[in-house]
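There are 2 protein chains.
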Amino acid sequence: MIEHLIAHISKFCTIDPEKMNMLESFFEHRTYRKKELLLSEGDRGYEKFFIVKGCVHIFYLRQNGIEQTVDFAIENWWASDFMAFQHGSAAQFSIRAVEKTEVLSISAERQRELLKEIPELNAYFHLVFQKAYAASQMRFRFLYEFSKEELYRHFTQHFPDFMQRVPQYLMASFLGFTPEYLSEIRKKYLS
Amino acid sequence: MIEHLIAHISKFCTIDPEKMNMLESFFEHRTYRKKELLLSEGDRGYEKFFIVKGCVHIFYLRQNGIEQTVDFAIENWWASDFMAFQHGSAAQFSIRAVEKTEVLSISAERQRELLKEIPELNAYFHLVFQKAYAASQMRFRFLYEFSKEELYRHFTQHFPDFMQRVPQYLMASFLGFTPEYLSEIRKKYLS
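Top to bottom, those sequences are chains A and B. full-length UniProt numbering numbers the first residue of the first sequence as 1 and each following residue consecutively. full-length UniProt numbering numbers the first residue of the second sequence as 1 and each following residue consecutively.
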């Protein structure tokens, strides 16, 4: 399992292979069944998850009791409530497996120890978070720029495989649609 | 000027003061007049800016020719088009000084050299971007959770000083309001 993470790190920076061998002992390898929770709103678990295989959605509970999906993460992404992870505050998001999902998880405390042992990993996380933040900047732009229907078209064109993997009701939630509206525009573009 | 950046870095990590002394030679100190551009959409400048004093807005040009503000940055924030910065692609955002603004700027190339000299700075950037990404996660939550009027109230309550500094037409653009609508709800909450 750890080889997936090592391969991902190697895309961003070069780290002595001997040091990379230490990596495994810092992570827990876990498998979640479809719909199983990795993190619950209110938790003080402070873990982050590297998705080796599978897909998760990040959501919170609206005041009306409905789950609002705000993001997804698939292979080679890191998922967490990063505010809680960084500050040790209670999680304001939950994370759930959309399909059977294998992750490498690390707690905030173990990460501090890891970064003491292999400080070079900061270069990796610097680039990973810069990239994630850059993707957020673009997503904000899309939210201003596109109508809901255009947003759907954008996702379908740019992430066709991803759109196949995610149940329609979650995609509808993420796009801010009712499931009925999503179903309508799907029909429109399929016909 | 560099002492502002050194103070900010010191909040996140500890770096040998001798190394910190090298920092200054990697940055350019610039002052922008109110409304002056730091970055233009389409540029291939690949710089990022540490705001020492002042405030900038990040925006793009809508197809109808109207500037859409997607974010602001004030003292102790880094501003850039981070996708362009990371990948060397053309900027998809512009950045303009909202008021007279002093920055420390560094190009992507100089940053690579800097990180070779002081790799410990990766720990700083790791935490800075994790924090920025965490703030984005919360902002997405707010966008789903709040009506436009609630969004305005949220900003007024949490960032009162900031709301004072930014011209109303930019705040309206950022919140996705017409200036008229912003003016209306301002009156409502002032009365």
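Just to be clear, a hint being listed does not mean it is correct.
[Stated by the list, open to error] Residues from chain A shown here face chain B by an in silico Cβ test under 7 Å; the list is partial:
1. L5
2. A7
3. N64
4. Q68
5. F82
6. R141
7. T156
8. M163
[To be verified] Quick list of the computed label-pair ranges, beta carbon to beta carbon:
9. B:S25 <-> A:E113: 54 to 64 Å
10. B:K116 <-> A:T31: 20 to 30 Å
11. B:E75 <-> A:K19: 34 to 44 Å
Derived by calculation from the structure, the hints in this document are not laboratory data. If you're wondering where the values come from, they're calculated on a predicted model, not measured in any experiment. C-beta: ideal position from N, C-alpha, C; glycine also.
Could you check the structure against the hints above and give me the numbers of any it violates, in ascending order? 1, 2, 3, 7, 8, 9 and 10
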